[in-house]
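Given chain A, put chains B and C in place with the hints provided.
What follows is each chain in one-letter form.
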Amino acid sequence: MTDTIHLAPPTRAVPIPAATPRRRISAWLSTHPRARLALLLSAPLFWLGVVYIVALVLLLVTAFWTVDSFTGEIVTDWTFDNIITVVTGSLYQTVTLRTVGIALAVTVIDVAIALPVAFYMAKVATPRVQRLLVIAVLMPLWASYLVKAYAWRSVLSQEGILEWLLAPLGLSTPGYGLTATVITLSYLWLPYVILPIYAGLERVPDSLLEASADLGGRSWKTIQHIVLPLAMPAIIAGTIFSFSLTLGDYITVNIVGGTTQMLGNLVYTNVGAANNLPLAAAIALIPIVIIFGYLALVRRTGALDNL
Amino acid sequence: MMHKTRAGRATAGAALAIGAIAILAGCGTSGGSAAPSEEAETVGDMEGQVSILAWPGYVEDGSNDPEVDWVSGFEEETGCEVTSKTYGTSDEAVNLMKTGEYDVVAASGDATLRLIASGDVAPVNTELIPSYAGIYDFLKEQAWNSVDGQSYGVPHGYGANLLLYSTDVFAEAPTSWDVVFDKASENSGKVTAYDSPIYIADAAVYLMAHQPDLGIENPYALDETQFQAAVDLLKEQRQHIGEYWSDYLKEIQAFETGDSVVGTTWQVIQNVLAGEGAATDVVLPEEGATGWSDTWMIASEAKNPNCAYAWLDWIASPEVNAQATAYFGEAPSSDAACEFRDDCEAYHAGDEDYASQIWYWTTPIAECVDGRTDVECVDYSKWTAAWSEIRG
Amino acid sequence: MRLGKSARVTLAIVTGFILLIVYVPLFVVLVNSFSTSTSLTWPPPGFTLEWWVKAFQSQGAMAAVLTSVQIAIVATLISIALGTLLSLALQRFDFFGRSVVNLLVILPIALPGIITGIALNNFFRTIMGVPLSIWTVVIAHATFCIVTVFNNAIARLRRMGINLEEASADLGAGVWTTFRLVTFPQLRSALLAGSLLAFALSFDEIIVTTFTAGAGVTTLPIFILNNMFRPNQAPIVSVIAVVMVLVSIIPIYLAQRLSGSEQTRR
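Residue numbers (our numbering), protein chains in the order written: chain A, 99 to 405; chain B, 4 to 395; chain C, 14 to 279.
It should be emphasised that the hints constitute simulated quantities derived from the structure, not laboratory data. Note that the coordinates shown come from a computational prediction; the quantities given were computed from them, not determined experimentally. Each residue gets a CB set at the ideal place from its N, CA and C atoms; glycine is no exception. Keep in mind that the hints are not guaranteed to be accurate.
[Stated by the list, open to error] Residues of chain A placed beyond 12 Å of chain C at every Cβ, according to the derived structure:
hint, residue
1, ILE103
2, THR109
3, ALA136
4, PRO142
5, THR177
6, ILE181
7, GLY187
8, LEU189
9, GLN191
10, ARG196
11, ALA203
12, ILE259
13, LEU267
14, GLY273
15, LEU276
[To be verified] Pulled a few chain A residues facing chain C out of the computed Cβ check, cut under 7 Å:
hint, residue
16, LEU146
17, LEU156
18, LEU213
19, VAL215
20, VAL222
21, PRO238
22, LEU239
23, SER242
24, SER252
25, ILE324
26, LEU326
27, SER342
28, PRO385
In isolation and in its complexed conformation, chain A is listed as follows (with noise of 0.2 Å):
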């Protein structure tokens, strides 16, 4: 008997949802991506733009001004002579080659420390241990920059703790000067170097690691090609920020540097003491150039995503 085909009892209808505004403009947005897009980018874009960007452009711009000496007004008279200045200055050249040499020196000495520890803290420790470690290393930031640099003071001077330990084995402490910038920069910076090497090393797969030596890899040959080189955009990442944070320090370098002089100093000096904002631009320009030029660099390796 061929009866009306039953199907199977309907399950409750979903209702059509009202229509409300709220609903339309949903349903508009969903099908519209670009301006979904323009929604979501707008107020960052407006205030990155608008804050950062304009006012770094409007204090470029001031670089190809003067200052009047007396006044102390800015004279808005367009001129290469700042740029000029700090480009063929010697006192210009040399810091700017000093303030370069430090920063490579910092970055080179974080990167090596920062690799065994990320390294250890990443795959070879305990989960419980791990998340110690991680405490251990991110709980120095919360110490004041000021604090710690002063403190590098005192373990550095003539009577402090670094002359203790080293005066048995006949050395002495480097005391104030270029050597002790470098050791308290690197020192700052450490955890921003560590965070991202970490993050990075904890993102390769344990599997390929596995993989590697089930093929007969030993420990450094899997490290040496398989872990750096996924890790690297991560190495990078924090080399950047070794190297930006140096590239305009100035008060480090007041604290622990002697007699040197970086090009945060000059900056700081041309916007305070001299009351020269154009030149103090115009020397701001190399740290921005420098970086951009790196940045420039890395991108390719994708380390822009790993800050």
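The following block gives chains B and C in isolation, referenced to the frame of chain A:
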């Protein structure tokens, strides 16, 4: 599935930005005219608040040390609530005054003339300030706090930049600044100096005695030749300097640990060192020394001028002046203040002889402050540029 | 990872040694907070609790801490909002100029603080004619804190994938509802981790702050900077530093728990 859009967002944004910048840049960044203002005739009603800019330690309201407070009394008496900001160098002070946010500023002599020239401070009618009468005469109407007889502020106190030395290294007290200049090599790497362009004047003071044929009359009035000689002396000194200092703590620490053994200092630093039992002492060398005398000034666009005058009177009154200058470590501005302090001797308060050996900080300008009209003197902006070069 | 026993031990020792060195200066700070000397010399001549007492009585210090906390909270909230918006935009969409926007977000933290500081100072005071105040500091801090939230959020979004969101949309949820009920709960812990880092950045920031703080605004770093100049106040600063470090254990631990619970198994 990513949503691919071809929004020219970046280019549109860039165009907008460039347009905005062009407009704003056209507005220029110069502002404010140097219009000289009149001094007040009378002090009117108190406005209820006053904003003060000063060296750290000059405006204490108990928030740092409950026992160090001379602001609360002022607030009670006048009803003017005090907000204060501290600055680290005179140059900072000059810059901050341009913002127009402060009613009162305590400026050292190397800032005052610049403030006056730029019109950021107004002449002060000293007759409206009862405490002014008792202030030492040798502080009033000096080159750094008055122009053509018109007073621009109330003196706060004064101190000299002395020579600090380690008694472990120097068996006998040095008598000359040569220990940091010509003889600096004997303690190479442990000499210190003040980290400010104004220190060039200290080199000039030294040259006044040791190279008299340069003809320097006033260490703040240096022509090209004299200036170059001072700069050369400082570049020579740089090789033996361990570090420059601009805050007390640095110098105190350095002398306590032996990282520095000789150099320029303030009395207060020696007092702290003595309190710590450190083996140091100070001396005013035979060539004389530079020094500073701070002046309380009123902003030309002060929003609370009456409270400002009230503060000037308050801080110059004997008891308050004694408290404030004792805390900072300088000589007070009046004899009456000495009755509230027991260390006036150590600071040579009221000692006009001592005071006359001091070349008070003042801003070098192109128009020579020693009165010469046949040459042009080097102005402060070049002092600053030279200082960067000296520092290397 | 399978490492030889000796390799493990060596690594552990190296890590331990490095951490030890990291804590030596902090140890010096701790000891100095009990020192009778008013300047930070070592070894301390004597021990006293005077500074600890004074620090907690110091109104200036308390006010400074409060100001710093207020600024940090507001700046963090703003950066959470902007960072989330940006991460959603950059992760879910592919558009012309995407890498430029990415660069833009990083710039405030990639460029040295002094440059950001004088640029903003010039902008606020000279161009806009706005007097410096606590809000200019907040704006400055929020600007460079965006990137920390952004990075955490975008990393999480990448791992999340859009399947759940699409399912939600298929079931009829609107755009905002999807975000509220599906995306946000998954993002939450990443945002929290990012905001903790942003908070720390803002709290300890000194360079940009000195250039953008108004007359009466004293953040903790500014307070420390002012008091390092005063011979009688320096040990109080050491006390504050020690307290900050100890207090920081709590938020750091919390952040760890939160991001740890999301961790994929080893």
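Hints versus structure:
1. ILE103: holds, 29 Å
2. THR109: holds, 14 Å
3. ALA136: violated, 9 Å
4. PRO142: Contrary to the label, PRO142 of chain A does not stay out of reach of chain C, its closest Cβ about 4 Å off (not over 12 Å).
5. THR177: Holds, since 18 Å exceeds 12 Å.
6. ILE181: holds, 16 Å
7. GLY187: Given a closest Cβ separation of 19 Å, the condition holds.
8. LEU189: holds, 18 Å
9. GLN191: Label holds. Min Cβ-Cβ 19 Å, cutoff 12 Å.
10. ARG196: Consistent with the label, ARG196 of chain A stays out of reach of chain C, its closest Cβ about 15 Å off (over 12 Å).
11. ALA203: holds, 17 Å
12. ILE259: violated, 6 Å
13. LEU267: holds, 16 Å
14. GLY273: About 14 Å separates GLY273 of chain A from the closest Cβ of chain C, which puts it past 12 Å; holds.
15. LEU276: Holds: least Cβ distance 19 Å, greater than 12 Å.
16. LEU146: Check passed: Cβ of LEU146 of chain A comes within 5 Å of chain C, closer than 7 Å.
17. LEU156: holds, 6 Å
18. LEU213: Violated, about 10 Å.
19. VAL215: holds, 5 Å
20. VAL222: Holds, about 6 Å.
21. PRO238: OK, holds: PRO238 of chain A within 7 Å of chain C, min 6 Å.
22. LEU239: holds, 6 Å
23. SER242: Holds, about 5 Å.
24. SER252: It holds, given that the least Cβ distance between SER252 of chain A and chain C is near 5 Å, below 7 Å.
25. ILE324: Check failed: Cβ of ILE324 of chain A comes no nearer than 10 Å to chain C, outside 7 Å.
26. LEU326: violated, 14 Å
27. SER342: Holds. Min distance 5 Å.
28. PRO385: holds, 5 Å
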